[in-house]
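S.K.: Join the two chains into one complex using the hints; note that each chain is given alone, in its own frame.
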Amino acid sequence: MTAVLDIDDLNIRFSTPEGTVNAVNGLSLSVSAGESVGIVGESGSGKSQVFLSTMGLLAKNGRAKGSTRFHGEELLGLKADRLNAIRGVRMAMIFQDPMTSLNPYLRISRQMTEVLMEHKGLSRAEARSRSIRMLERVGIPEAAKRVDMYPHEFSGGMRQRVMIAMALLCEPDLIIADEPTTALDVTIQAQILDLLSELRGDTNSAVVLITHDLGVVAGLCDRVVVMYAGRVVETGLVRDIFYSPRHPYTVGLLESIPRLEGDGEGGAEHPRLKAIDGQPPNLQSEIAGCAFAPRCPRVEERCQQERPDLIGLDNGHACACHKVGPT
Amino acid sequence: MFSYTFRRLLVAIPTMFVIVTVAFFMIRMAPGGPFDLERALPPEIEKNVLRAYNLDQPLWKQYVDYVGGVVQGDFGPSYKYRDFTVAELIGSGFPASFQLGFTAIVIALVFGVGFGSFAALRQNSGLDHAVMAVSMTGIAIPNFVMAPLLTLVFGVYLSLLPVAGWGDGALINKILPITALALPQLAYIARLTRGSMVETLNANFVRTARAKGLRERIVIVRHTLKGAMLPVVSYLGPATAQILTGSVVIETIFDIPGIGRYFVQGALNRDYTLVLGVMITLATLIIVLNLIVDLVYGLLDPKVRYD
Numbered sequence: 001m002t003a004v005l006d007i008d009d010l011n012i013r014f015s016t017p018e019g020t021v022n023a024v025n026g027l028s029l030s031v032s033a034g035e036s037v038g039i040v041g042e043s044g045s046g047k048s049q050v051f052l053s054t055m056g057l058l059a060k061n062g063r064a065k066g067s068t069r070f071h072g073e074e075l076l077g078l079k080a081d082r083l084n085a086i087r088g089v090r091m092a093m094i095f096q097d098p099m100t101s102l103n104p105y106l107r108i109s110r111q112m113t114e115v116l117m118e119h120k121g122l123s124r125a126e127a128r129s130r131s132i133r134m135l136e137r138v139g140i141p142e143a144a145k146r147v148d149m150y151p152h153e154f155s156g157g158m159r160q161r162v163m164i165a166m167a168l169l170c171e172p173d174l175i176i177a178d179e180p181t182t183a184l185d186v187t188i189q190a191q192i193l194d195l196l197s198e199l200r201g202d203t204n205s206a207v208v209l210i211t212h213d214l215g216v217v218a219g220l221c222d223r224v225v226v227m228y229a230g231r232v233v234e235t236g237l238v239r240d241i242f243y244s245p246r247h248p249y250t251v252g253l254l255e256s257i258p259r260l261e262g263d264g265e266g267g268a269e270h271p272r273l274k275a276i277d278g279q280p281p282n283l284q285s286e287i288a289g290c291a292f293a294p295r296c297p298r299v300e301e302r303c304q305q306e307r308p309d310l311i312g313l314d315n316g317h318a319c320a321c322h323k324v325g326p327t
Numbered sequence: 001m002f003s004y005t006f007r008r009l010l011v012a013i014p015t016m017f018v019i020v021t022v023a024f025f026m027i028r029m030a031p032g033g034p035f036d037l038e039r040a041l042p043p044e045i046e047k048n049v050l051r052a053y054n055l056d057q058p059l060w061k062q063y064v065d066y067v068g069g070v071v072q073g074d075f076g077p078s079y080k081y082r083d084f085t086v087a088e089l090i091g092s093g094f095p096a097s098f099q100l101g102f103t104a105i106v107i108a109l110v111f112g113v114g115f116g117s118f119a120a121l122r123q124n125s126g127l128d129h130a131v132m133a134v135s136m137t138g139i140a141i142p143n144f145v146m147a148p149l150l151t152l153v154f155g156v157y158l159s160l161l162p163v164a165g166w167g168d169g170a171l172i173n174k175i176l177p178i179t180a181l182a183l184p185q186l187a188y189i190a191r192l193t194r195g196s197m198v199e200t201l202n203a204n205f206v207r208t209a210r211a212k213g214l215r216e217r218i219v220i221v222r223h224t225l226k227g228a229m230l231p232v233v234s235y236l237g238p239a240t241a242q243i244l245t246g247s248v249v250i251e252t253i254f255d256i257p258g259i260g261r262y263f264v265q266g267a268l269n270r271d272y273t274l275v276l277g278v279m280i281t282l283a284t285l286i287i288v289l290n291l292i293v294d295l296v297y298g299l300l301d302p303k304v305r306y307d
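Protein chains in written order, with the working numbering: chain A, 1 to 327; chain B, 1 to 307.
For reference, chain B alone in the conformation it holds in the complex (with noise of 0.2 Å):
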């Protein structure tokens, strides 16, 4: 397991390098520059700002310098947070980000198994029929419509809840966006255990487990969940991903200082920097968060073997 592990670090390197240059090269061929503004600086001071970052160099002699920067983990400076470095702005927004996505991934796993769970084990009721037909919604309502929507009766029209803000991570402010990530995951994994688990109740060996006269609990918890969690475990690894993106949208929405917002912002005023460093975050997570889905289903199903 060591060794798989350690393989799937190493082939992780090629992949970053190809996400750093692609990214690299696409921002750049963004019109516009970090210090453009409405009105033109005067040449003579735009020419000492682009030197003082080192923008007045070839492309590729700012590439290989910023390759260079990543590998030995420097990220550079921000262009429009003067006084800040790229790794102190991920580390400023990163614990806003991370509470989000966190709570949204371990609500949609506990609400999503035990609805999912819940309709299958009353397959084909009326119970079944509206959980599946909510959950479609869920999944069918992209986050960026969801959100407006949650505040706009949640906070609009009924003021039980903040419209935005972050309020020093308040739990009321909080509500709302994990609320919105969360939804489509929950939904999706509510079907996928619903079906997993229907396939499960049906196989020959839960009914040895009948024949052998154990209590429907055992029946339950012991034979059937568990090989009903394996499709769910699976999906954990986009769904990570999916949450991780997701957050660059709630985060904008709600103006959550996370690094999601920092992102946007940064796409927007062209902080190259800043928007390399985030993706390389994103990437490096969403990376070992696979990586340890894999992991957890290879201790789940003893038919995986990694060595």
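Just chain A, with the same shape it has in the complex (with noise of 0.2 Å):
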């Protein structure tokens, strides 16, 4: 499979009043056609920070360092005029914050025929009828009467359906999903992950999604990367993580899943939800060791002096801890 994103040794600095901050650490992934890859971590892991300069979106004082190449093509560095012409057309990002991420004073369908008219060139009418056309693919009623709203006529669940069809009108190669359903109700969660998987089988589309929940990775991706502290902790096919995860972390993470069934601490009549003990580090100070090993139940001496480096295992299973070895 030819890789559509190659991410190599990438790092990512914020300098801020209080110094340095180092949100991306010598990370590397890439992503293949149609494949679908969920990027996994907490707040402040670096998981968005990644994929915001690939779109070239990072804030002002971000620096990124490394590699990331599209189709082969370097896209840190490269020219705004050029990068543009990548992105919204080739890859496309859907936003965390459907809220605040459409623009309020336009009405959809000039947020939506912008996209068709700058980069395919059609006209108004044309690109107001393939809007049209992709609102209802997304599941919008009434699209050819909604599309002249504006966004704050719209819900929460709406407005991300909205965004998913901007982001879809070119047939992008790539699409990345950060934190697509974080902001809204639990119901309208499923929806939109029914959608984005019903959206995957007919496009073909890559899709990187970005997010906390491990349960929406389960349900729609091939493949996960966990990251932790701005590096990639462990990294494998979905099945491999859920039912053999290696990494400590990840192991932390899958126990913190809130399930039904008792089998927690305290017993099957109070099950108590497990949680990884302890604070994620602060990364503005470069940490020596294994960034985990504070919260780490297994650490060991070495972790606190020697940074693990990802150790391929099988399958594509790949996991940074000391205490791992190939099998």
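Think of the hints as simulated: they come from the structure by calculation, not from any bench.
Bear in mind that the values here come from a model prediction, so they are computed numbers and not experimental data.
Covered stretches of chain A, as calculated for chain B (at least 3 residues, CB under 8 Å):
(1) 48-58
(2) 85-91
(3) 99-106
(4) 112-126
Note that beta-carbon positions come from the ideal geometry of N, C-alpha and C, so glycine has one too.
M.R.: The following block contains the structure:
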């Protein structure tokens, strides 16, 4: 399979008044055509920043170093007009908060047609009818009428459908969905996830799904990348990550998914939700050993001094932990 | 929108009534009267004059008569400009005042938004800081200081522009008064625009616009400016009010035959009807212009609905 997106040794630094924050450190990953990859990690693990840098959308104080190639073309440092021929056309991004990510002052029709008119050179009328068809496809009822409404006239779930429709307009090879369901109700979340997996079936786009919710990944992805403190700690097929997680952080994440049946500490009657103790590290200083060491139940002395490399296991499963060797 | 406009105009009636009433009694509380001269008039002549203008009636009667006249559009005769009614004087002063005020607000808006956007797009650069520092100075200097300073520099030292006068409305005579009137508003609008632009540029929907691969010009003009203009449009209400009241000072300093100058002279001469007439005209303008600003705001922000 050919790589749509190939990230190699990516480092992202933010200069803040309190000092430099090392948000992403030596991260490498690749996404193949048609593949769906889940990026999992807690807030501040750098998972969104990786892909914002891909889209050229890092905040002004952020700097990305390393390499990010899209179909072999280097994106980092690419000139704006060349980048604009790629983003929105061949790769598109769906953002976390549909409430604020649509322009409140422009009609939906305007926000959609401008993409097609800019990139595909369509006339306004053509762009409009395509936009309406795309809205119908993502399940907006009465799309022909609603296309002329403003974002505030849509519910949260409907707005996220509009965001998705907007991202799909140019049939991109790569869709980056940054926590597409976080801001929505649980029932709406399920609808949006169903929609995403349905669309994946018909479009053959590669999907990167950024989330902190492992449940979302299980339903939608082929592969998972678990990030911690700006590094990949474990990656592998969904099945391997869920049934045989190797990194203590992944194990902790899986254990902290709420379950209905009681097998927690409190016994069957009062199941307690498990949590990973401690806080993610401060990324302002270079971390010498394993970033997870302070919170790791299996920590040993070596973990404090020496950073573990990502070591391949089997089936593309890889893990960065001193306690885990190749099988 | 029509019913909203109608309701706003209805609400304006009691407002105007309060303004007229307060103004009427306030000007009467000022010592002296319209016909007090350095040398007192003979009592019988004074009596005749007062009777001619109904000033010998009890105050409440005068008030009722005045309000009755205003309701019918009659502002009464001027006491000092003997052969003119107040309406005629306001009519004669209006063109100069309108040219001054309108040009000033347009200049303040165009340049304020221009400089503000310019600074916002180069946030934290030297140019940004320079624009903001200059505009802070512009806000801090009141126009009664700014006007004589401008006169001193451009009129006296450099002899480029006339020091005062209207010259039948020649452009060269308008430059200094319009500048003095526009500068504080321009400075304020520049700061307002910058702040609002910086905020909007960081909005999620602007990031979305960039993610869509739109050209920077479209991202700025279509996606950023409209949202960023809303606070500026809101400010246009108070800005026009300040320009109107500011023109009273500016017209006096530059000796411009506008309604502002009539207002000052009327107040000094205790020309009661003239002062009240100008007051009512300014109040009406402010109310109407504020209504227009609110309606424009509704056109810009789809979340605002008037019904």
